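Asker: Single-letter residue listing:
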Amino acid sequence: MTNAIEAAGLRKSYGKTVALDGLDLAVASGEVHGFLGPNGSGKTTTIRILLGLLRADGGTARVLGGDPWAQATRLHRRLAYVPGEVSLWPNLTGGEVIDLLGRLRGGLDRARRAELVERFELDPAVRARAYSKGNRQKVALVAALASDAELLLLDEPTAGLDPLMEAAFRATVEEERARGRTVLLSSHILSEVEALCDRVTIIRRGTAVESGSLAQLRHLTRTSIAAELAGPPDGLAGLPGVHDLDVEGARVRCQVDTDQLDPFLRALAAAGVRSLVSQPPTLEELFLRHYAGDGPGVRAGPAGAERPAP
Amino acid sequence: MTTLTGAGTLIRLALRRDRLMLAVWLYAFAAFVGATVYGFRGLYPTAAARAEFARTANGNPALLSLYGPLYGSSLGSFTAWRDVTVCALLAGLMSVFLVVRHTRAEEEAGRLELVGAAVVGRHAPLAAVASVAAGANAAVAAVMAAVAAALGLPAAGSVALAAGVAACGLATASVAAVTAQLARSARTARGLAIGVLGAAFLLRAVGDSVSRTGPRWLTWLSPVGWAELIRSFDGTRWWTLALPLALAAAAAAAAALLARRRDYGAGVLAGRPGRAAAGRALASPLGLAWRLQRASLLSWAGGALVYGVVIGSASRGIGGLYGSAQVRRAMAELGGRAGLVDAFLAAMVLFAGLAVAGFAISAVLRLRSEEAGQRADAVLATAVSRTGWALSHLVIAAAGAAAILLAAGLGLGVGAGAQSGGLGHQIARMTGAGIAELPAVLVMAGIAVALLGLRPRIGAIVSWSALGLVVALAFVGAILRLSHWVLDASPFTHLPKLPGGTVSATPLAALSAVAAALGAAGLAGLRRRDIG
Chain A
1 MTNAIEAAGL
11 RKSYGKTVAL
21 DGLDLAVASG
31 EVHGFLGPNG
41 SGKTTTIRIL
51 LGLLRADGGT
61 ARVLGGDPWA
71 QATRLHRRLA
81 YVPGEVSLWP
91 NLTGGEVIDL
101 LGRLRGGLDR
111 ARRAELVERF
121 ELDPAVRARA
131 YSKGNRQKVA
141 LVAALASDAE
151 LLLLDEPTAG
161 LDPLMEAAFR
171 ATVEEERARG
181 RTVLLSSHIL
191 SEVEALCDRV
201 TIIRRGTAVE
211 SGSLAQLRHL
221 TRTSIAAELA
231 GPPDGLAGLP
241 GVHDLDVEGA
251 RVRCQVDTDQ
261 LDPFLRALAA
271 AGVRSLVSQP
281 PTLEELFLRH
291 YAGDGPGVRA
301 GPAGAERPAP
Chain B
1 MTTLTGAGTL
11 IRLALRRDRL
21 MLAVWLYAFA
31 AFVGATVYGF
41 RGLYPTAAAR
51 AEFARTANGN
61 PALLSLYGPL
71 YGSSLGSFTA
81 WRDVTVCALL
91 AGLMSVFLVV
101 RHTRAEEEAG
111 RLELVGAAVV
121 GRHAPLAAVA
131 SVAAGANAAV
141 AAVMAAVAAA
151 LGLPAAGSVA
161 LAAGVAACGL
171 ATASVAAVTA
181 QLARSARTAR
191 GLAIGVLGAA
201 FLLRAVGDSV
211 SRTGPRWLTW
221 LSPVGWAELI
231 RSFDGTRWWT
241 LALPLALAAA
251 AAAAAALLAR
261 RRDYGAGVLA
271 GRPGRAAAGR
281 ALASPLGLAW
291 RLQRASLLSW
301 AGGALVYGVV
311 IGSASRGIGG
321 LYGSAQVRRA
331 MAELGGRAGL
341 VDAFLAAMVL
351 FAGLAVAGFA
361 ISAVLRLRSE
371 EAGQRADAVL
381 ATAVSRTGWA
391 LSHLVIAAAG
401 AAAILLAAGL
411 GLGVGAGAQS
421 GGLGHQIARM
431 TGAGIAELPA
441 VLVMAGIAVA
451 LLGLRPRIGA
461 IVSWSALGLV
471 VALAFVGAIL
481 RLSHWVLDAS
491 PFTHLPKLPG
501 GTVSATPLAA
511 LSAVAAALGA
521 AGLAGLRRRD
531 IG
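Same order as they appear, the protein sequences are chains A and B.
Heads up: the first sequence begins at 1 in the working numbering, then just goes up one per residue.
Heads up: the second sequence begins at 1 in the working numbering, then just goes up one per residue.
Just chain B, same shape as in the assembly (with noise of 0.2 Å):
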């Protein structure tokens, strides 16, 4: 018996149970090309159009630190320009739950030591995950190239963009496996793995905004920024390819010693020694979710404040920098320099509210995770009631959301330093205008609520495809033109942009109702329903 024996049947395994996930992942790709090539052949129809957006948007910090510079002004050029950044972190997000899921997650639920005791070899589990990994991207890649080079983009061209991604993808898959190792939990690697994903978009994101002047080697250093750098309609280097290709080998033979030298489910990462009897917080339903999600908001919390001085330093570098008549008109209509900066931290703030969206919904689905887990049980068969208990993790997600937004603001803020007014009033713009975020978080985390109590089974699915759609709207809604009727179906649209928007009480009081109004349905179906 080689190391690799029963490889092929783990692949089979989880083919299997992943078949419809991995259908939907490879849905989500096609239309999410589909509808950049076919929103912008509507939008910058001719040559012309086009080159004068290329000019503008490259002298505007806010589309460099998100999307990247564009190369140059054909249609495939903005396709990619607007894909590839994104469309690498999906692939890399795929990546990570794919590869956790079968490795961590399996040796903590126990059945890889069922399946350990079976004809595999030592090395079987890891090479099989790390086949269906390659073979999802793969699948990601094809998909991608085919539906761009349908469209009319220029074969070469597609093939490259979508090879891009998928190396983006097949380098985090690596790192996951390795993080997979090291941590002793599924929640802890897929931390990690998507902690490694983030940083490297923020590599990208400052690399890319502070361009000509700043260091714009950071780009080179980040996963995500190589597929960007593959430049795939504008004079293809496709020897970037190697850099992710080399990182997936690299982070794959480290897995496979890790996994060799350690114990079955013991992790590289030690566990503390525990405390023979509970603190003094650990008496109530709410001690036991900080408990629980403390790790996971603490470190939202750090990223939150990195991400923050990070990009809010990048904004110290926008404006007088670029010459051109254009930008310089660009720049005016946008309200000149101060203006410029403000447009750019408010694109950043509600990317941090996107994200932040993600921790809410996580943290209410810690609920059902629990129920599921039967770990639920023993806490409602005692003097517990259901309200009491899942308010208690209810707090945590939206005082949690909260103190992340705050944080993110915070770190933009102090990142930004004194514009205008001083340090302090710039750290209380910032953090005004992350908490101002919160109430369509709210209404995300209520979603999540109100299917926990009505449809538990279907939760976790619609909750996680709801946040895609609001992702999906904030980045490709405008270019695709979509009638108020269909953006307004997201909460985010109704926030005011800021900072320098105006700010109208109305809409954020609309969006709590309704947040309350999901979250009171979903306790009043939770006291009405079977618990497991």
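So here's chain A without its partners, still in its complex pose (with noise of 0.2 Å):
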């Protein structure tokens, strides 16, 4: 399998900004990847740089093979893209909009074009200037998706939807990957990525810091555990990998490394065990711990460097 995209070592910087510091992204052909990061991360410059509309400082990114920057143009025509903050001209209709941009790209399915306008109940002869957010959005999407683009780059798309459009774009989505294309689905949207992706990497101030698929990036994570037991337990707190631990008595509650999770069940084990509740780490946990020291005042070691990608 081909890599649809390859960045390596990508590096970006506006004047002192740095936005993109050594990035690399690999996505295969027919995959959905999700690509996640705290806004201000470097998502939308690495998009930019994807599809040529800025120059990387440093680093290679291949497109379809191709130069980004060199042949943006024949590039573009296999591919499509939905930028994050919509904007159309305010005296053109949608339905125009659509057209406009599909005949710019080489030709757009008409089949397709209604069908994706009916799905998104769009209505195309209003002038976008009284399109909401979410009706723009609904603009650019069917825009991209009624073209037969190899390569679909999404940047956060569904910021503007509401949950019935939202269920819409994920059966789209699915559809498109059925056909074969590659998705670049920029989202904050923990389920939608969960419902779509089949790799996701995770990008923090301009460095990718997690990439693989969702079930290798779980094996990285805390599964919490709560526990009754026979009695009070000994020596759990000297365990590797064992966080938060609450000892009450013979009740435990603590968090504990997922790849740590043999030696602590042996402890509980050996305490002899009542009763025990283990919750998987939910896909918020696991952005969470990446996302957290980006906030302000907030000071958490990076995550990447506690726990390299593998």
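Honestly, the hints are just simulated from the structure, not real lab data.
Just so you know, these numbers come straight off a predicted model, no measurement behind them.
Every residue, glycine too, gets a C-beta built ideally from N, C-alpha and C.
There's no promise every hint is true.
Said to hold, decoys possible - A partial selection of chain A residues facing chain B, derived with a Cβ cut-off under 10 Å:
(1) R74
(2) L75
(3) L164
Take each chain as given, in its own frame, and dock them per the hints.
Answerer: Right, here's the structure in full:
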């Protein structure tokens, strides 16, 4: 399987602000790849470099086997893009924008366009100035999805959509995957990522801190355990990978690194287990660990440094 | 909460956003007045020299239509004569930009919604911008009066001149407040208000140039004319100030009424219903550029045609009416009646050329606003190259400028009518004169293109400043007796004076080459830089 997108060591600075600091990203052909990171972590900059709108200061990028800067026009026939902040020409209607962008890309599928307009419940005869944020987003989505592109670059495409439209969007991306298209989906909606993405890359401060399948990433997180034992346990605090340990007599609550569960469970079993509740890590926890530390006043070690990606 | 709650905060916000722009405007007014007084003092140092010139000027319809009549021969009369119309127009433009920027543009961008949801009364935004506009025009008046008085002009006259200019600015500000309620886009609101200002100028120009025989009262209908009719230094008619102030009050009341009757984001002029699918023309970058710019282009062309017909008709009244020996001698020096008419028409063609340069610059800058508004991304993420995208708007800028110049020339030819050799001949030589302005217009557009590619962030301000400088050179360059090195900086200096002048290919070709080089540099820069 070849990679539709391959970026290595991408760097980009705006004056003194470093937007990308050696970003690596690989998206295999035919997969839906989640692209996650806190606000300002460099997702949009990355996508704009992949589109050839920005020139990287360093590193290499290949899109569909070509150089996105030098061969932009040729590559753009084969990809479609939905920006995070959709701004349209106020005096053009949604239908006109969809047709225009399709024609500029080299043609669009009329049947598919009609189907998508229907599915997203878009009124194409309204001028863009009268559209809500969500409706502008739909226009951009229909324009991108009605094209025959091999690669879809979607930058937070569902930010303004209501839950019904969000469901329609998911169904559409599933169809795209089934047709063998590659999707790079930047998103903040974790359930969406969980439902749609084969693999994810988490980016923070301009570098990729995690990349892999969701199962792989889950493996790197903590399982929360609540147990009632036959008697007070011994030596749990000394075990590797045990966090937030709270022992009250025979009741134990804690978080355990998922790859250190084995010794911990053995120690519990030695004390005699009456009941055990274990909760697998949620994606939220995974993301929060990576996102934390970018917020003001929070000081956590870089999550990636604690636990390097495999 | 009253309908004015929060206006004070909004005023401070507007002043914070506009402080640099307002400072630049004030400086421009001060410099303009200072340069005029200084220039005339050097050019006509004695009362006799001024009296001699005044007789010639009042017999020259070109000067009459541009500046109005000279009411006296003092240095003050000369300064008011040369400055009052231009400054009134500039104060009007300043007010239009100011008012629309803080009303319809804010509403269109959705920022006014943010403000409106806060503790802000319904009329507060309009009241705030009216206060800022009044303050800005008062500052203009203060600066103009101070400079004129400091350079030795009578204080009362200086104040009258400045007050007339500021009152015109204030009236235009209120008109812009109305158009900002009528139109749904800031672009249209600005266009309508500037159209009103242009019509006011035309009324004044015709009223003044036809003076003794024609409809002199036309000047009395014009807000721009009122500033002149105050006769600052020659028997000041203070009461004429009541006219612009009454218009300002009436229009402001109308704006407040309209604002109360419409929804947020809506305009009084209803939008036409749209089509669900794109027409055949909307299939290329050029199709998009045409669609985006056609309204502006067509109104420019229509305005140019009207301008041409009106000014051309005014030229029929030239000559034969002025009996004094001096005027006849001056006419003879200019080549008799035909020469006088041609000189007048050539000045009007130059005027059109300068205005069309404004169209061309704004058409080029559309590329920048598309980019800054992130609409360019959507186009550039398709199979459209950067050069293709840029050229689409540049074609509109260049072809549009040519079309507007032709429209102005056609209007002038039709209006002037058959003078010698029939109407067809007249139309041919006037459209020729119009299109001859194109190389200089393209140089100004080329500056904007070069900046777009190489220094996009300062592109708009530098392009407009360059045009401001060229306009200033055209108006005051001669009276300042600037060296040819300075005058030659304006591309319009190198154009043949048509109709009537001789045409030589070299300067036209050289200007075209400069424009092409600037354009190529801009496109090369655009291909190399980041978008956004």
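Asker: Give me the numbers of the hints this structure contradicts, sorted from smallest to largest.
Answerer: Number 3 - this is the single hint that the structure violates.
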